[in-house]
Amino acid sequence: MSITVEFFGIARQRAGVATIEIEADSLGAAFDELAGRLPQWSTACIDDGHLKSTFLANVNSRTFITNRSHRLNEGDHLLILAADVGG
Amino acid sequence: MTHTPPGYHGRYLHVDLSTRQSDTHPLPADVLRRFIGGSGLGTWLLQQHTPDGIDPFAPDAALLFVFSPLVSSPLTTSAKFAVMAKSPLTQRINDSLSSSHFAIAGKKTGNDAIIITGKAESPTCLVISPESVRFDPAGDLWRLSSHRASERVREQLGKRFHVASIGQAGENLVRYATVSNDGRHAGRGGLGAVMGSKQLKAVAVTGDRLTTYAHPDELIAYSKDLSRKSFGPATAKYRELGTVSNLLTFNRLGTLPTRNFQQSEFADAERLAPETMSVTHERTRASCAACTIGCEHIFHLSSDAPPSPRATARGSAHGESGVRMEYENLFALGPLCGISDPDTVLRASQLCDELGLDTISAGGTIAFAMECAERGLLDVPQLRFGNGDALLQTLRLIGHREGIGDLLADGSRLASQQIGQGSEDFAPHVKGLELPGYEPRTLQTMALGFAVGTRGADHNRSGAYQVDFSNQVDRLQASPDDVRLAIETENEAAIMDSLILCKFLRGVFDDRLAAMAEMLHLITGWDINTAELQETADRIVTAKKSYNIRQGWTPAEDTLPQRFLTQAIPDGASAGASLTKDALQAQIQAYNLARGWTPDGYVVDESSVK
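Protein sequences appear in the order of chains A and B.
So the first sequence is numbered by the numbering used here: it starts at 1 and just counts up by one.
So the second sequence is numbered by the numbering used here: it starts at 1 and just counts up by one.
Simulated from the structure, these hints should not be mistaken for lab results.
Just so it is clear, CB atoms sit at the ideal spot from N, CA and C, and this is done for glycine as well.
No incorrect hints appear here.
For the chain A half of the interface with chain B, some residues (derived, Cβ under 10 angstroms), not all of them:
(1) 8
(2) 14
(3) 18
(4) 44
(5) 54
(6) 58
(7) 62
(8) 64
(9) 79
(10) 82
(11) 83
(12) 84
(13) 85
(14) 86
Here are the simulated SDA-like cross-link-like pairs (lysine to any residue), alpha carbons at most 25 angstroms apart as the crow flies:
(15) A:52 <-> B:514
(16) A:52 <-> B:228
(17) B:610 <-> B:31
(18) A:52 <-> A:63
(19) B:610 <-> B:531
(20) A:52 <-> B:232
(21) A:52 <-> B:227
(22) A:52 <-> B:231
(23) B:229 <-> B:217
(24) B:229 <-> A:43
(25) B:224 <-> A:54
(26) B:229 <-> A:49
(27) A:52 <-> B:470
(28) B:119 <-> B:11
(29) B:119 <-> B:51
(30) B:229 <-> A:44
(31) B:229 <-> A:51
(32) B:229 <-> A:40
(33) A:52 <-> B:275
(34) A:52 <-> B:472
(35) A:52 <-> B:513
(36) B:229 <-> B:509
(37) B:610 <-> B:14
(38) B:503 <-> A:54
(39) A:52 <-> B:240
(40) A:52 <-> B:229
Okay, chain A solo, but in the shape it has when bound (with noise of 0.2 angstroms):
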């Protein structure tokens, strides 16, 4: 499956790119997936194959997902942002 992740705020910063096209069908597979894509971001960003708890994963706007095994599909747009949006 090929999808898109986009990074917002920190996690941008350690990505180091906005945007990224990865091959995954499921989270946990993304996240290993950008673990050899951007090293730097997933010693940031993950930790034991998590988000670490100041991070979200989104799925296309609209579903906040945590789960490791939670399936993504073709096209699918992984928002990467802070888990603290204080304003």
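Using the hints provided, position chain B relative to the given structure of chain A.
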């Protein structure tokens, strides 16, 4: 006779500007434990000092500066105070918090709170120290910006004094004028106008009265550990980018209020994003007093930016070109008004600082006026979404109450009542307080928080947006089952605002209430646990509601403007998102019952909040 706990002076100062008299009154230990300080203690005091139905601009209306047991402790982010009064914008309770050396100096006067009533015969600077209360003439300060006035007072009295003051918006009774201190603002609800109504230009405080701590060694160790954690990843967002980093996130999720909430995405958001502005504009960082996070991001105007309409007396806490940017002023003076030019947003923010205007209410009211003008309901041709010159000019007119500014200085609710023709349906307020930058149709737990908020539509007293940004709820589908989660955020805010502790620390705690109980224990010696703090939070929220009921609250106030209940989001990532009156009402009723109130929101037993 009860013993005053460590962390407190056990008394408050009452100053009457009319009689130029002052006296102190004891604060019972049980009141301190039940209401803590800041917003909680201020609510209790305001109950005692507000006649039912009083006009917020009447001389007898009370204006409070309230400190807390944490102020002047080594705990990071604790240099905070609450300014409280009945709001002239909402006619309801208002607690507006700020963070500066004023908090530390104010507490060192030897008082846990300062209550000001009466009205001075002429512009006055109130000078308070442990030894005296003085009423200095302030005619030479009148018409100065709050920053210039503060500088002038400190030049005259000495740098050991710290100052809270108003700008011309406060003098002119703009109903969303701020109280400025060290470049920060107690911003919401128009408490600067309450100062102005009393002809009180400034309050200067100094002192040397310290409070003790129950467990000083443990407190120092705890404080060091908290400061260390505050440098960690939980606060990186605030430290590295600031709250302005919300902009692109909200835009992508389709929850960025745009053009007076007609849309929830802004096509030019990238131009205003901190990631872009950090490249196009010089940026520096700063911190509040006694804070290790350092969330303030000061952007400097481009050297070739056109000059703005000037306030009568200029003065910015960050110099002529530096402007502190937060998500709220960025959204309100940018996308909400259709403005995409970064320098215009910086100029507008700077003008609000100089005049002493709440940026959220200023932006919200002007965006409302722009929509009215575009619909032909208001004959002001230049007021169009995206017209930066009109934004800047209208801010100046509001600050001076000139022309169209006189109408808009009363806020969107009163302005819409004057304009009529259905404009009430899209005036962006709850209880008169303009909405902050969270689109309620796309954040429906937050929609409840806005509707029931005792000070109006507010993201600081309800943090229910955090629930919407999680997998606990469907943010586009309100459910009465979710009200408990909203109440948890409201209760947490009630305690943090009473301690008073910065909410940007939230992420560093594994168990926030337990951490707050520990801090209170180390300072006061109280054997306090999370269950007691929950009871305290319930008490404070209920006390605020009880206050509002005494001031004329009715269930009809707990709602959202018609736009949010009748129109779906038209396009973008949240296209089709809608909220109905019935769905919101079901949430509100569930909320009221969960609070232990009647289904329509009346407090059953007021004895617990006295």
